[in-house]
Amino acid sequence: MEYNVIYKMPDALSKKPFTYCPGCHHGIVHRLVAEVIDELGIREKTIIVAPVGCSVFAYEFFNLDGTVAPHGRATAVATGMKRANPDLVVFTYQGDGDLAAIGTAETIHTANRGERVTTIFINNAIYGMTGGQMAPTTLLGMKTTTSPYGRSPEREGYPVHVCEILKELKGVAFLARTKVTTPKDVLTTKKYIKKAFLAQIKNLGYGLVEVLSTCPTNWGVPPIKAMQWLEHNMVVEYPLGVFVDKVGEDK
Amino acid sequence: MKKLMMKGVEAIGEGAIRAGCRNYFGYPITPQSELTEYMARRLPEVGGSFLQAESEIAAVNMIYGASSVGKRVMTSTSSPGFSLMQEGISYIACAQLPAVFVNVVRGGPGLGDIQPSQGDYFQATKGGGHGDYRLIVLSPSTVQEATDLTMLAFDMADRYRNPVLIFADGLLGQMMEPVSFEEKEVTYDNSAWALTGAKGRSPRQVTSFNIDPYGLEKMNMELQKKYRQIEANEIRYEEYRTEDADVLIVAHGTVGRIAKSVVKMAREEGIKAGLFRPITLYPFAYEALSNYGEKTKLVLTVEMSSGQMLEDVKLSLCNKTRIEFYGRMAGVVPTPEEVFAYLKSLIGRQ
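Protein chains in written order, with our numbering: chain B, 85 to 335; chain H, -19 to 330.
The hints are simulated quantities; they were obtained by calculation from the structure and are not laboratory data. Note that this is a predicted model, so its numbers are computed, not measured. Be careful, since some hints might not be right.
What the hints assert, rightly or not - Part of the chain B face toward chain H, derived, beta carbon under 10 Å: (1) I131; (2) E144; (3) V161; (4) D171.
Glycine residues also receive a C-beta, built at the ideal position from the N, C-alpha and C atoms.
Starting from the given sequences, assemble the full structure and let the hints guide the process.
Pasting the structure below:
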């Protein structure tokens, strides 16, 4: 009897098991990125630039050439790659501390130059790998190990809204914020990721997808509760949607 | 060979282009911005890519990216900017990526000034960033030598997969001299390790990361093995009138050139002076210099610093001769006359 393969591990993922915590959304997003790379047929020319943070190992989970950048500098590394070899497809995978704190300058200027690179931005409102410190995206009142009394705007300022800042920059060709808490969200996120890659492939400019994500370990809640907390708090602070789309519908 | 009248930093830029460099990322800083400007003008003419980065921090990481895809790449900066690049250079060194850096050293510390200095010697030769790594450091004393060493730097960087630093100063960078360029065919092939896309082969990783201490120690041992090879193969220095010298001046770069004038002045007055001019600051010519411990009565190290190379001179000579030092700091360039006067005072001559 012959079987048709209707679902399998994407070719763009390596066979290495993910090392992320239970309930963490990195695994879902990794898979979506890999599916998009497969569907676009670009695996053999795509380079991943991993960040410093929990996804520092991301380049080991993909079946791609890759590197890991210094903290905050992933888009600068990606810029160097793409400028030196424009035939490559280059993407960065970054967390909120990496992209929106230490790497703010690189983020803004890469977007503003309209570098033909793609960024997958995981916003979980906390520093995961270093053990739950405050991130630029930490919500007001949220307790972390370095905001133990809750984030206050007087002391720590307000949560940084990356998409709302970047949408003003003309170099951006695709920009969206999404989540992966429901199957519908997962499908929407995949569509966005594909467009963020197409922005690069079609030579339109910079593409970024912000994925609101959970960190059950450092939030100190079980995975299901983390998803509920994300829905009830993060989505309120960070509205979902498409901010820039110069890609249009793919025919 | 045809000679061109060129400013030091522009000659370095042209040397880089003739060595096959087609990628430059940098940030303006005095006294080397003419090099950044030269590359902005010239690279598009030869099909290359120039980008003014948002900072030296971004620039060094763009270098990391361009090098990791296998292309010849350079940046240039001056002291405060070079400090900002140190983290990235440490990553580049550990990931074994070839790249060429130019530091046109200016007076420091801090914001300092914009005049010539050699005060970044420790930073250049002893690490600079974090961890156990070395740069190959080349110190030219003329515009022609700066050009030649820049072209050599790209070959060395590829051969050892290691960052190479041209250690210049504001005087050398800003002066104009006639230069000629060696005509040579540029070939280099980094396809054995570069990130080119995992087509028909297993994925590759360029990384300075290894969470396993035994794995990271192994990476470190590979680096150390490479540094021993560099020390065995690449030491360069110039000896000038040293055959019968009983007074030896040790000086590098611009000061090496000044010291040559001092040697001529001394010889005219019957003093048997000679010059030992290190060209590679790392690897340093410890062994060659050590020979002068027995042969000389005095070794005078002259630097535009408080005495940084002096420590390597002392290591070479192990107190086998009298070791003295003359230095100017903060962007003050010593004149041959003042160095000669100091030399004479040391040996009791008027």
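Against the structure, the hints come out as follows:
no.: 1; hint: I131; verdict: 5 Å, holds
no.: 2; hint: E144; verdict: 7 Å, holds
no.: 3; hint: V161; verdict: 4 Å, holds
no.: 4; hint: D171; verdict: 8 Å, holds
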